[in-house]
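**Student:** Make a model of the complete structure from these sequences and hints.
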Amino acid sequence: MQLLEISEPGQTPLPHAEKRELAVGIDLGTTNSLIAISEGGKPEVLRDADGRVLLPSAVAYGPGEPVVGQAARDLLLAAPERVAVSIKRLMGRGLGDLKAVAGTLPFQVEAVEAERMVRLVVGGRKLTPVEISADILRALKARAEAALGRPVTQAVVTVPAYFDDAARTATRDAARLAGLQVLRLVNEPTAAALAYGLDRGAEGLYAVYDLGGGTFDVSVLRLEKGVFQVLATGGDAALGGDDFDHALAEHFLSQRGEAGASPALSVAETKQLLALARGAKERLTTEPEGEWEIVAGGVTSRHRIGRAGFEALIAPFVERTTKTAAAVLADAGLGIEEIKGVVLVGGATRVPLVRRRVGELFGRAPLGDIDPDQVVALGAALQAEALTRGGDTLLLDVVPLSLGIETMGGLVEKVIPRNTPIPAARAQEFTTYRDGQSAMAVHVVQGERELAPQNRSLARFELRGIPPMTAGAARIRVTFAVDADGLLSVTAEEATTGVRQTVEVKPSYGLSEDEMTEMLRQSMEHAAEDMTARLLTEAKVEAERVLFALDAALKSDGDLLSAAARGDIETAVAAVRRTLQGEDRDAITAAVEALDKATVEFAGQRMDRGMQNALRGVNIERLADRFEQ
Amino acid sequence: MVESGTSLEAKGVAHPLPQACWSCRGPVASGAAFCATCRALQPPAEIDHFRRFDLSPAFDLQRAEVERRYFALQRQFHPDRFAGKSATERLHSVQHATALNQAFGVLADPLLRAEYLLQLSGRPVAGGEAETVADPELLLEAMALREELAEAEDASAVAALLAKTEAMIGEIEVALSGAFASGDLAAAAGLALRFRYMRKFVEEATRRRRQIGA
Ligand SMILES: Nc1ncnc2c1ncn2[C@@H]1O[C@H](COP(=O)(O)OP(=O)(O)OP(=O)(O)O)[C@@H](O)[C@H]1O
Ligand SMILES: [Mg+2]
Ligand SMILES: [Zn+2]
Chain A
122 MQLLEISEPG QTPLPHAEKR ELAVGIDLGT TNSLIAISEG GKPEVLRDAD
172 GRVLLPSAVA YGPGEPVVGQ AARDLLLAAP ERVAVSIKRL MGRGLGDLKA
222 VAGTLPFQVE AVEAERMVRL VVGGRKLTPV EISADILRAL KARAEAALGR
272 PVTQAVVTVP AYFDDAARTA TRDAARLAGL QVLRLVNEPT AAALAYGLDR
322 GAEGLYAVYD LGGGTFDVSV LRLEKGVFQV LATGGDAALG GDDFDHALAE
372 HFLSQRGEAG ASPALSVAET KQLLALARGA KERLTTEPEG EWEIVAGGVT
422 SRHRIGRAGF EALIAPFVER TTKTAAAVLA DAGLGIEEIK GVVLVGGATR
472 VPLVRRRVGE LFGRAPLGDI DPDQVVALGA ALQAEALTRG GDTLLLDVVP
522 LSLGIETMGG LVEKVIPRNT PIPAARAQEF TTYRDGQSAM AVHVVQGERE
572 LAPQNRSLAR FELRGIPPMT AGAARIRVTF AVDADGLLSV TAEEATTGVR
622 QTVEVKPSYG LSEDEMTEML RQSMEHAAED MTARLLTEAK VEAERVLFAL
672 DAALKSDGDL LSAAARGDIE TAVAAVRRTL QGEDRDAITA AVEALDKATV
722 EFAGQRMDRG MQNALRGVNI ERLADRFEQ
Chain B
30 MVESGTSLEA KGVAHPLPQA CWSCRGPVAS GAAFCATCRA LQPPAEIDHF
80 RRFDLSPAFD LQRAEVERRY FALQRQFHPD RFAGKSATER LHSVQHATAL
130 NQAFGVLADP LLRAEYLLQL SGRPVAGGEA ETVADPELLL EAMALREELA
180 EAEDASAVAA LLAKTEAMIG EIEVALSGAF ASGDLAAAAG LALRFRYMRK
230 FVEEATRRRR QIGA
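The listed protein sequences correspond, in order, to chains A and B.
Heads up, the first sequence is in our numbering, so the first residue is 122 and it goes up one at a time.
Heads up, the second sequence is in our numbering, so the first residue is 30 and it goes up one at a time.
One or more hints might be untrue.
Stated by the list, open to error - Taking lysine-lysine and the BS3-like style, the derived pairs with C-alpha atoms no more than 25 Å apart in a straight line are:
| id | chain 1 | residue 1 | chain 2 | residue 2 |
| --- | --- | --- | --- | --- |
| 1 | B | Lys229 | B | Lys193 |
| 2 | A | Lys444 | A | Lys535 |
| 3 | A | Lys535 | B | Lys229 |
| 4 | A | Lys444 | A | Lys461 |
| 5 | A | Lys661 | A | Lys718 |
| 6 | A | Lys444 | B | Lys229 |
Simulated from the structure, these hints should not be mistaken for lab results.
**Tutor:** Here's what the structure looks like:
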C-alpha cells in the first residue's frame, strides 16, 4: 500500500502548530467538576485561588451573576430554591426521567411537552440543564485562565460512557455556550484508563469501574503499547452516589412517618434532606454509625443508623452495578480470570460495601491508587494534549447503546449494535408498506429494548417525495454514522430516485439550532464573540491550507506556468495574504475564492501532466511485458 | 463506510489513472491516502477489506497480524490525529477510520470473513431467515441443539452444551480453511451457513446461561 510510504501524519508539517492554543481536559461531574492541563505528558489538575481541586457542580442563581461551586453548595441549606445541583442527570432528559423523593422533586420544573428537555425554575429563572452546565464550565474556564494566565478556548470534555446521544449533544452544547470548543468528547472510564495506563505503563486487560455521584460506567479495555481499545462498555446513566442519598433520605422519611410526622416535604426541604443524607453516607464510610436530625415542617426528628443498616439500604444498587460489570465481561467474551486489574473511579467507590463487592466479583483487590476524584480529568488533559500537540496514544472506543429505527408495529430494528467500534457507519434498507406511499416517517431510537417506546427517542424525521410505487417496491436506505465523539448523524435516501435527506440527530430531547443561537445571544459572557472568533480562525486555517497546497503545487509543477499566468496567481496569493493580516472573515473567504478561480487552469494542466505520466507508465510496463515473453 | 458494489471493479485495472487532489487539485496516484505534492489526506479508496489491510484475500489469517495492521493503520488515520487539520481532512479521517473499523470487524471474525470471501467470489451465503431453511440436515441438527438447550436445567448443563457447540465451531473453522484452500466454494458456503447457525445458537445459549445464573 502506498500509504505506508508516506511520512507519518505526526511528521507532516502542521502549518498552524505554533498558533495552537492550550487545550484543557474537563471532567464535568454530577457532584464535582475538575479542570486539568497536560504538558509534556504530565497532567496536572488546576486549583482555584484557595488551592481547591474539586469544584462542586452547584450553581446558585439570584439577582447578580450566577455563583458556582462551594459557595453555591453552602447556599443549599439557606436558600435551596436558588441552587441547582446534580443537573448532569438531566442533560438531554425529559420530565419523565426526573426522580422524586417521597413524591417531591428536588427541582422545581416548568411544564414542557413530554419529549423535550426539562426546564428548571431556579432563583426565579427558567433554565435548561445545558445552560446550568454552561455556568459550571464557565467557572472552570475562568479558573484555568487565572491559573495559566492566558485564554482557554479548547477542551476535551468527558462524559459517562453510557451517556446516550441526547446527553452527549447536550454536553457539547453546554461547552459551546461557555465559549469552549470541544475537541473531543471522551468517555470517562476511557479517560481514566488513559491516565492510569500511561502513568503505570499498564498492559493487558483492565476493567474500569466508575461510580460517581450520578452515573455508573464499567468498561473493559485492552491496553497495549499505547493503544487503549475499549472492548465493551455498560452502565447506567442514572445510578450513583445520589441514589444512596435518596435511599437514606427515604429511610429517614419513613421513620418520621412512623413517628407521626407528615412525610410530605417542600422542594426546598427535599434538597436539604438530600444534602443531609449525603453527609450521613459519607460519614458512614469511616464511622460505624451516627445520628442525624431532620427539621422540616416545624417537626424535628432524630435518626440513628449504623453501617450495616446503610449497606442493607444500598445493597440493591450495588448488586445492579456488579451484575452490569459481569454482563460487560460477557459481552467482551472474557472470563473474570482474564482481567489483570480493576481500576476504581468516582467518589462513590469509597463506600466500603462497593469496594467489597467489586473485590469479590473480580476476585482481587481493586486498584485505587490514583486519586479516584482526579483520574478522569487527568486522562482528559492527556487526550487534549495529544489532540493539539500530537501524540502516539490511540483511543479506540465503542458505541455504548444500540442505535436503531422504529419499524412496523413499534419494533426496533438495530442498525448499529452496542459495542461497535467508533467511528462507525451502517446502512439498512427499509421499504414502504402501502401502495403509492409517498412519505416515510423515520424514528431514531437508542437502547437495547425490543419496543421503540421503551428506548430513548433521539429524533424523528420524514422522508418525502418517494415516487408512487407498489408497497414494498421502494428501497429506502438509511445510513447511520457515529463519529469519534459518539455522536450520531443519519441520512436517508430512496435508492431508485435518490431523494435524500440528512438529519443531524438533535431533536427529541435536544435544543434546536434556534434555541442555541438565542442562548448564545443572551449569554452574559462573550460566547457569541467567541463564536465569531472561532469562525474567523476556521477561515484562516482554511486560507492557510489553500496557500500551503498551492505552494506545494508550484514547487512541483510551477514550470507549467507562463510568466503571465504565474503573475496572476501571485497577485491572488498576495491578496489572500493581505486579508490574513486582518480580522475580516468575509474578505478572507472572498480572497480564497478568487485564488481558487485563478488556479483552475493550473490545476487542469497539472492533471493533464499527471495523466500523461500515468499512461506512459502503463506503456513502459506493457513493453517490458512483451520483452519478457 | 458503506461497502459499495463497485469496490472490486477497479482491481482488474493495472494502472488506474490518477485522481485530482481535493486540496491542491493536482494528480494523486489512484488509491493513495495522501497527496504526494501537498500531503493532504484523501478520501479512503473503495477497496475490499483485505486490500485495505494490505492482505491478499484468504481465509487463513493470523488474528494477531490483523490486529497489528489495524492498530498501525488507525494510528495513521484516526480522527485524533487530525484534530487540528482542515474540516475536509477531518472528515476524510473519520471515513478512513470508519472503513478500518469495518474491515477489522470482518477480518478478525472467522464467520464474517468466510461470508465476505464468498461474497467477493460472487457466491454469497444465504442471508435471510427464509433461505437458511434450505438444508434439511442442518435444520435437524439445529432443532436437536435447541431441544437440548430447552431441556438443560442448570447452568452447568448449558455450559456443557456451549462447550460442545464451541468445539463444533472449531471443527467448522478447520473445514472452512480446507474448503477455501482447495477452492471448493460450494462446500465453503455450506460450512459458513452451518457456522451462522451455530453462532446464533451460542448467543441463545449464552443468554440462557445468564438467565439461569441470575
Ligand atoms: N467518603 C465518601 N464516602 C462515600 N461516598 C462519597 C465519599 N466521598 C464522596 N462520595 C460520593 O461520591 C459522589 C461524588 O463522586 P464524584 O465526584 O466522583 O462524582 P462525579 O464525578 O461528580 O459524578 P459523575 O461521574 O457520576 O458525573 C457523591 O455521591 C459523594 O457523596
Ligand atoms: Mg465522575
Ligand atoms: Zn494535493
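**Student:** Please go over all the hints and tell whether each is borne out by the structure.
**Tutor:** Comparing the hints with the structure gives:
1. B/Lys229 to B/Lys193: holds (14 Å)
2. A/Lys444 to A/Lys535: Status holds; Cα separation ~24 Å.
3. A/Lys535 to B/Lys229: holds (16 Å)
4. A/Lys444 to A/Lys461: holds (19 Å)
5. A/Lys661 to A/Lys718: Given that 25 Å is the threshold and the Cα spacing comes to 18 Å, the pair holds.
6. A/Lys444 to B/Lys229: Given pair A/Lys444, B/Lys229 holds - Cα atoms ~24 Å apart, limit 25 Å.
In terms of the numbered hints stated before, the structure departs from none.
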